[in-house]
Structure formats: structure tokens, C-alpha cells
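Working from the sequences, and respecting the hints, build out all of it.
Given next are the chains, with one letter for each unit.
Number of protein chains: 2
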Amino acid sequence: MSEIRRDPISKSWIILATERAKRSSDFMEIQREEKTAKSKCPFCGKGEMTEPLDSFAVWPGERVGEEKPIWKTRVLPNKFPALYPSVELVQDSEKGLYHFLSGTGGHEVIVDSPAHDETFATMSLDQLRAIINTYAHRYKFWKLDPRIAYVLVFRNYKRAAGASLSHPHSQVIATPIIPPRISEEMDQVKDYYEQNDSCVFCDILKLEMEDKAKRKVFENDTMFAFCPFASRIPFEICIAPKEHEGSMKNLPKNQVQDLAETLSAVFKKLAKLLNDPAYNFSIHVAPLKTPDLVYYHWHIEILPRLTIAAGFEWGSGIYINVVSPEKAAKELRETDEAF
Amino acid sequence: MSEIRRDPISKSWIILATERAKRSSDFMEIQREEKTAKSKCPFCGKGEMTEPLDSFAVWPGERVGEEKPIWKTRVLPNKFPALYPSVELVQDSEKGLYHFLSGTGGHEVIVDSPAHDETFATMSLDQLRAIINTYAHRYKFWKLDPRIAYVLVFRNYKRAAGASLSHPHSQVIATPIIPPRISEEMDQVKDYYEQNDSCVFCDILKLEMEDKAKRKVFENDTMFAFCPFASRIPFEICIAPKEHEGSMKNLPKNQVQDLAETLSAVFKKLAKLLNDPAYNFSIHVAPLKTPDLVYYHWHIEILPRLTIAAGFEWGSGIYINVVSPEKAAKELRETDEAF
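Residue numbers (numbering that gives the first Met the number 0), protein chains in the order written: chain A, 0 to 338; chain B, 0 to 338.
No wet-lab data here; the hints were simulated from the structure. Take these hints with a grain of salt, some might be off.
Which copy is meant is left open, so a pair is good if it fits within one copy or across any two.
Okay, derived cross-link-like pairs now, DSS-like style, lysine-lysine, Cα gap no bigger than 25 Å in a straight line [to be verified]:
| # | residue 1 | residue 2 |
| --- | --- | --- |
| 1 | Lys94 | Lys213 |
| 2 | Lys10 | Lys189 |
| 3 | Lys329 | Lys215 |
| 4 | Lys326 | Lys94 |
| 5 | Lys139 | Lys248 |
| 6 | Lys326 | Lys267 |
| 7 | Lys78 | Lys326 |
| 8 | Lys211 | Lys94 |
| 9 | Lys213 | Lys10 |
| 10 | Lys326 | Lys215 |
| 11 | Lys267 | Lys37 |
| 12 | Lys271 | Lys326 |
| 13 | Lys248 | Lys205 |
| 14 | Lys252 | Lys142 |
| 15 | Lys248 | Lys71 |
And the structure:
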């Protein structure tokens, strides 16, 4: 079981998930880069490791009279979860100073493709659409659980970004608290809305679209990808819908198609320009229990892991970025996305 | 030159220091672990690389009639600074959305020892005292500059923690803004003070000292080292003075001695238990321009880099820690600090 603790000084939360330490890859092996052999891959659907996982949701979930279901993506409970849906939600504190919650929540793996060696840069648009639909499905699924305040969908690619298996996969963590990064964003964008009567994301997109392509990476009818003005790390990319929307759970069909196309173009460019770098990918949506918000606009953050966050970043919260977003965007724009 | 930018959504700051990208070690080489050869080390005080650096402050700064000064620590301007003292402080914004400041500030290297191969775990107490006195000296130095709001002293040890040179060294970054991690801490501890009429750090120390050594790592007369209740990563350690003090710039002699002893013990334990791990080290003090505060208590954060912060941490700001601070502290307490 796990536990959620709040730091009395920063008021930020941590999840204490000591059972994950059994995963030897989590610990003391920061330097080693290794591909999971296909024959030992639990996500390829072969071998004993798959058995306990196989019963969970499958997208699109059709069986066609065969022994195994035909699937494009699968949603499996994480074998070493950070949070557990079966744990009753309780909270307590020690002498009014240390607050903690039970480790209630969810932690899932989305197997992004049956093909062991695919990446977002090489997948078909059809496969990327299936992944986007799976993400949307998980928001809807967890919204039904009254204990869950937030769902973070994310993706770690390659060991330098924290991935322990190389088969393409995403992860979903459903938490009983609103994560600090989201609540800070919510506070700030609400302030901006109250002062300016407009969504700050909408205003940013308007500026970036007009801005003679200084930071634009890619766009189509409904999606826009750019390197943010205050990029924390080299080649940071943000993808957002041009039209205001708080969450991606009800994405219209044309936006699913446009997002698939944008992901494909952006990851092809990254792979080509930066030798298929490790990256972290996360989707920021409004908290599950809020009604549709005029001021929160969903977006995707892509953080290539080319540098190491060091003592200054940890200690101060200020990032030192050595590549300007204007230069990064120019190089990405000029990189042909054809493979 | 560099530039300081504020993100319009999170309101957090980044430093854009594109000249640092010339440092090839900063980029695309995340996996490589390498020791700087002694013969090529700019901090050993030999060879042409030392020349432009040699004129800066030296601690204790005595010359004894020889060609080269005898020194225990040296303070040098960083060769690839993130911020520059010679730049006039200006701020501006783009359409009220994007705020930026000139890259005004300071970025220094403290050469922690003349000996190329020493570490905090192997240094003499005398050498550690010299380093602590050098840190205090830099707070006093930068306090005189009216443009500087904060000084962060930090240390990256080994490449996995972001170090690019292996000769023992610390760094100092002086910023014209109060870093977000510090201003958040300030807000929270002020709230706590107003509600409880006491310093939250003092209350934490009281609890940790009473707490049947559950999270204690080491203590002496004036210093206390422990694994924090909400440790973000395995074996995170906090060192704080038992007596309330906002900054370490005027540390009494007995506290300098006790801190040297604590650093020595803590780093000997870490090195022995975890095979001399990479770590980040930073000192949190109250902002330079505030008077002595009843609610802010200086402390040192030590973050061994045994795991990789991945997509969930980046996206949510919540850390998943796989080793409980109670277990980490027990193992560290039971590790003999004798070498």
C-alpha cells in the first residue's frame, strides 16, 4: 500500500510507494540504457507476465471470434502502482504538522500499440487516433469515482526520461488531490481571467499565431504546437487546441484527427533533429470535478530530456535553459517531418 | 548575455542563458559519466584555463611571499555564467503577457579545495569549515548589491547530478528575483507563524528530536540532520540549526564547527551506504533584503540522485518516492561514518 504526505513547509505532496522499490530498474541504475527484449516484453501479450494483466479494459475492445482479442491499445493496471483504487480514502495528521492521506487512487499503463518497436514518430495516424481516444476514455472512466480529483496522463520515453520498458506505453495516475502544478496554474489563470476577461491560453495562442512564426513549430486547422516563451528546457514544446476547451475528454472527431497529425509531425521533427531523444510528455486538463471553465484550456507539455536539472533548479525552482525557444522552434520548423 | 523570463501561466521564472550551450557537456551527453583528468583541470590552478579566473576573491586570501597564493577555497566567476553583474537591470513585457528581465546577477564557482580528488565525505573538518566560511562570505558580498534579491549556494556532485567538472566545487547564483521555491516557502511559513505563533521549522525540529529517532540521521550540540517527513526522493536529507536563525551569514564559530562535523558525518554515511552517489545540495536562507525573520529558518537540502524524475513528477509536481524517510534514516543512522 502507499501513502500520500504533505510537506509542512512547501505544502506540496509526495506519494510514498515503497512497494515500487521492488522494481530494480527504479533504483541505483540511473546510467544504464537498455531495450527490453521483445521475447521478454510483458506488453507484447506473450508469456506469463501478461496473464494477470489481460483482463482489464481494451480499446476498441472488439473480439472477433478469436482466442485473443484484436486490440489497438490496452489499459492495464500498473504492476507496481503508486496508488490503489481498493484503498479506502482516509486522512490524518501528526500533531497538526504532518498531514497524510491513504494511497487511494489509480495507476494504469496504456499499451500504446501491439507493435514492440513503434514510437510516436513512426506510428500511423490511425494508431495515434486510437491512443488519443484511449486517453479520453480514461478521463471519463475516472470521473465516475467520487474520490478522484485529478487524472494525469503522461508518457516517459526512454530510460533517461524514466521509462523502464521500451514497448510504447503511456501511463495514467488518478489522484485524490489536485496536483500542485495544476492548482498553481488554476490560480494564475483565474487571476488573469478576472483582470482581462479572457483566457490566458487563448491570448497566448493568438499572440503566437500572429507572431510571424517566431515560436511556432506546427499547426493545422484546430491544433497549434509551439515552443513556450519561458521554455524551461531546450526544445520544450506545447500543443494546445486553437478553440477554448478545458478538457480533452470530448474531443470532436476532426480535433482527434488534427491532434494525431500534430503529434506525428512534432515527434517526427524531434526524432530527426535530435536523434530520437528521451522525453516526458504530460497532458494538463482542468480538474475532473470542476464544471467547464472559461479560463482553463487543456494542453500537452513535451519535455525532451537533453540536459540534467541540477542543484540550482532543485533549490530555486528557476530553470536555466541554454537554447532559446525562438531558435528551437526555427530548427524544428525547418526539420522536414517526412521519414 | 542572458535574459530572465516569466511564464504567463505558472508565473515561474526561467533564465535563458544561450551562451552556456557552447559548453558541449551541457547538451546531448546526458548518459556519459567522465572524470576530468587532473592535468586538464582548470580548478587545480595549473595551465592556461586558470589564468582569466585567478584574480577573483580567495579564501582565506593570504599570500605568504610565494609566487602563487596559498588557498583553501577560491571564488571564481563562472566561465559560462547564467547571469552577469555588468548588465544593467531592466524589465519589460510583450503585450502585457510575456514579462522579462535583463540577465543581471552573479554566477560564481567556489573551488572547494586545492585537492582534485577530495569529496565532502573525505575532506578534513578544517577544509569543510573553510567552505562554510566561504559560503557565508558570499552572502555578505552580494548583500551589498542593491539589485540582488537572493543568493542560492548549491553543489552538484557527479555528472548524474549535473556536474561538468569533477574537481570539488560549489556554485553561487545571485538573482534579481526571489526564486519561486523560496517565495512559496516564505508564504507558507508566514501563514504557519500567524496561526501558531511559532516557526514551523522550529516545531518540526522539536518533533523530530523527540520522535524516538524515527527520521534522525545525525545530530550534535547545535545541528540536526534528518530525512524529511515528505521526502521527495530516496535518502533526501535536511540539515538545520537547532536554534532559530534566518540566514547562515553570521554563523557563530561553534556552529561552523558543528556544521562541518555534520556535513562530514552525513556525506560519509551517504558515500558508504549508497556507493558515493551523485547528489544536489542547496542552502535555503531568507531573502537578502528581509530583516531577521521570526518565521524563516535556514536549512540545507541534500538530494541524492538515485532515481529519475519522470513525466508524472514534471506534469504534476507530486513526487513518487519509493523509500520511506523512516527506512532511509534508519539505514543512514546505522551506517558507521568512519572511513
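Hints, one by one, checked against the model:
1. Lys94 with Lys213: between (53 Å within a copy, 15 Å between copies)
2. Lys10 with Lys189: So Lys10 and Lys189 pass the 25 Å test inside a copy (21 Å) and across (12 Å) alike.
3. Lys329 with Lys215: This pair counts as within: shortest intra-copy Cα distance 8 Å, inter-copy 51 Å.
4. Lys326 with Lys94: This pair counts as between: shortest inter-copy Cα distance 21 Å, intra-copy 52 Å.
5. Lys139 with Lys248: within (7 Å within a copy, 54 Å between copies)
6. Lys326 with Lys267: Cα proximity of Lys326 and Lys267: one copy only (18 Å, versus 44 Å across).
7. Lys78 with Lys326: between (41 Å within a copy, 23 Å between copies)
8. Lys211 with Lys94: between (57 Å within a copy, 15 Å between copies)
9. Lys213 with Lys10: between (37 Å within a copy, 21 Å between copies)
10. Lys326 with Lys215: within (11 Å within a copy, 48 Å between copies)
11. Lys267 with Lys37: Result: close within a single copy only, 23 Å intra versus 42 Å inter.
12. Lys271 with Lys326: within (16 Å within a copy, 45 Å between copies)
13. Lys248 with Lys205: Intra 24 Å, inter 48 Å, cutoff 25 Å: intra-copy only.
14. Lys252 with Lys142: within (21 Å within a copy, 58 Å between copies)
15. Lys248 with Lys71: Within one copy only: 19 Å inside a chain, 61 Å across chains, cut-off 25 Å.
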